[in-house]
Each structure stands twice: as C-alpha cells, then as structure tokens.
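*Asks:* Residue strings, one per chain:
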Amino acid sequence: MSGLLNLTPTLRIVIENPLLGKSYPATGELVAVVDTGYEGFLAVPREVFTSLSLDELQQEKRTLILANGTALSSEGAYCTLRVPAVPLKADGLVETYEGLKEVLLGVEALSSSKVLLDYCSRRIKVERCP
Amino acid sequence: MVNVTISLPEETVKKLRKAVRELYGGKRGALSGLVHEAIEDRIDALEAARPALRFVALKDGLNVAEGRSLDELASKLRALNVDPRAVRIVSSQPPGQVARAGLRGRKT
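The listed protein sequences correspond, in order, to chains A and B. The numbering of the first sequence is our numbering, which starts it at 19 and goes up by one. The numbering of the second sequence is our numbering, which starts it at 220 and goes up by one.
Incorrect hints may have been included.
[To be verified] Straight-line Cα separation of at most 27 Å, DSSO-like style, residue types lysine-lysine; simulated pairs:
| # | chain 1 | residue 1 | chain 2 | residue 2 |
| --- | --- | --- | --- | --- |
| 1 | B | 295 | A | 40 |
| 2 | B | 237 | A | 107 |
| 3 | A | 40 | A | 79 |
| 4 | A | 132 | B | 233 |
| 5 | A | 143 | B | 295 |
| 6 | A | 132 | B | 237 |
| 7 | A | 143 | B | 233 |
| 8 | A | 132 | B | 234 |
Since the hints were made in silico from the structure, they are not lab data. Just so you know, these numbers come straight off a predicted model, no measurement behind them.
Please model the entire structure based on the sequences and the hints provided.
*Replies:* Below is the structure:
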C-alpha cells in the first residue's frame with residue numbers, strides 16, 4: 019500500500035474539505051507519517067491547514083500532550099481523509115499546532131482499519147474493516 | 220473438532236490450497252487451521268462495535284443540518300444556502316479535550 023521511510027511507516031493520502039470544496043494537495047497525494055502514539059485523527063502544518071481553508075471554519079480547540087509532558091494548544095476543523103490505495107475514506111478532526119512540520123496520521127484515522135506493519139518486506143498494508 | 224461441509228468457488232479453493240502449500244508446506248491440518256484462523260478474524264471484526272458517526276452544523280446552538288458524513292452535511296448546507304463558515308460543526312464522537320500528540324509531535 020505505502021512504504022516505510024527510514025523504517026517509519028507512511029501512507030500516501032489526500033485531505034479534502036468538502037464544506038468549502040478544497041483539497042490538499044490539489045493534484046496527486048502527500049506522504050503522511052503514521053504515528054500510533056498520536057491519539058488524534060490528522061495533524062498538519064499550518065500551511066496545509068490554511069491551504070484547505072480550515073482556518074475559515076469555526077475552530078475546535080484542545081490540548082495536546084507531547085512525549086516529554088509539555089502541553090500545547092491545537093486548533094482544528096473537520097475534514098475528509100482519503101487513502102486512495104486502500105481505498106479508505108474517513109471524516110475526522112484535522113488539527114494544527116505551532117512547530118508542526120509534517121503530516122501525522124493518528125490512531126483515530128486508522129480506527130476502522132486493519133493495519134499490518136511488515137518490516138520483512140518494508141511495507142505497511144492497510145485494509146478497511148469488514 | 221467438528222466436521223463442516225461448505226461450498227466454495229473453485230478459484231477460491233485453488234487459492235486456498237496454494238496459500239496453504241506456500242505458508243505451511245502442505246502439513247496435515249494446515250488447510251483447516253488457515254480456514255479456522257480466517258473465520259475467527261472475520262468474526263472478531265464483525266463483533267467489534269463501531270458506532271455510527273454523525274456530523275451536525277450548529278448556529279446559535281440550534282441544529283441547522285446533520286449528515287452521516289461531511290460530504291452529506293456539505294450537500295445539505297449548500298441546499299439550505301448556509302455558509303459553512305457561519306456554523307459550528309460538531310461530531311457525535313467529539314475528540315477529547317486533551318490528547319497525546321505522539322512521538323512525532325514537537326514544539327519549536
């Protein structure tokens with residue numbers, strides 16, 4: 019389905035804001051890092067958040083706790099995630115916070131999927147739950 | 220163990236026998252073992268409860284529209300001529316107020 023980058027599992031995804039008719043990237047897919055320690059749906063850098071016009075929607079705010087115990091504020095809005103290779107489509111809260119430089123796919127986004135991390139063949143396989 | 224007679228498409232049986240040969244070298248009981256494992260996986264997946272998600276658009280605390288997906292909600296808001304920027308979208312499964320950011324999360 020997608021591969022491992024330096025042993026880090028990644029998936030190729032598309033993010034859509036159906037409320038305002040925006041999609042990121044505009045063509046093709048982007049690489050998201052699968053972070054099973056992240057309890058949310060999807061976290062994106064500020065520029066991706068703005069490209070999707072999510073900053074124009076009313077924001078949901080909450081606190082995220084980093085691995086070192088530091089708390090930070092995040093803001094988010096609901097979006098659609100697509101993983102074309104599965105294919106998988108799910109709606110959830112896409113959030114952003116200061117300093118985030120990569121797209122993180124959390125466990126909530128994978129909560130309706132079977133995920134197989136195969137380090138023998140350097141692959142991650144994702145299937146939708148029946 | 221109980222013997223059960225089932226009917227499967229010929230192509231499926233071919234694939235099943237091939238998988239058993241490749242995975243288990245055709246060991247005795249391997250075919251039943253693989254079918255048993257597949258059925259258990261399927262039953263576990265069916266039994267895992269996944270509550271249906273709903274999205275609601277609220278304006279001044281009132282429900283303007285709702286949908287089983289954001290696509291459906293967006294269509295309803297368009298039909299009602301409601302600007303999505305003017306409503307608060309909430310989910311039937313709201314995210315927790317505090318969550319772990321994971322090992323990749325960092326603050327500059």
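*Asks:* Each hint: holds or not?
*Replies:* Hints and how they fare:
Straight-line distance between C-alpha atoms of residue 295 of chain B and residue 40 of chain A comes to about 17 Å, which keeps the hinted pair within the 27 Å bound. A hinted pair counts as satisfied when its Cα atoms are at most 27 Å apart, and residue 237 of chain B with residue 107 of chain A does not qualify at roughly 32 Å. Distance check on the hinted pair: residue 40 of chain A and residue 79 of chain A sit about 22 Å apart at the alpha-carbon level, within 27 Å; holds. Of the pairs offered as hints, the one joining residue 132 of chain A and residue 233 of chain B holds, with about 25 Å between alpha carbons and a cut-off of 27 Å not exceeded.
A hinted pair counts as satisfied when its Cα atoms are at most 27 Å apart, and residue 143 of chain A with residue 295 of chain B does not qualify at roughly 35 Å. Simply put, residue 132 of chain A and residue 237 of chain B have alpha-carbon atoms about 24 Å apart, close enough for the 27 Å limit, and the pair holds. Taken as a hint, the residue 143 of chain A and residue 233 of chain B pair is honoured in the structure, with Cα atoms around 24 Å apart against an allowance of 27 Å. For the proposed pair residue 132 of chain A and residue 234 of chain B, the alpha carbon gap of about 22 Å is at most 27 Å, so the pair holds.
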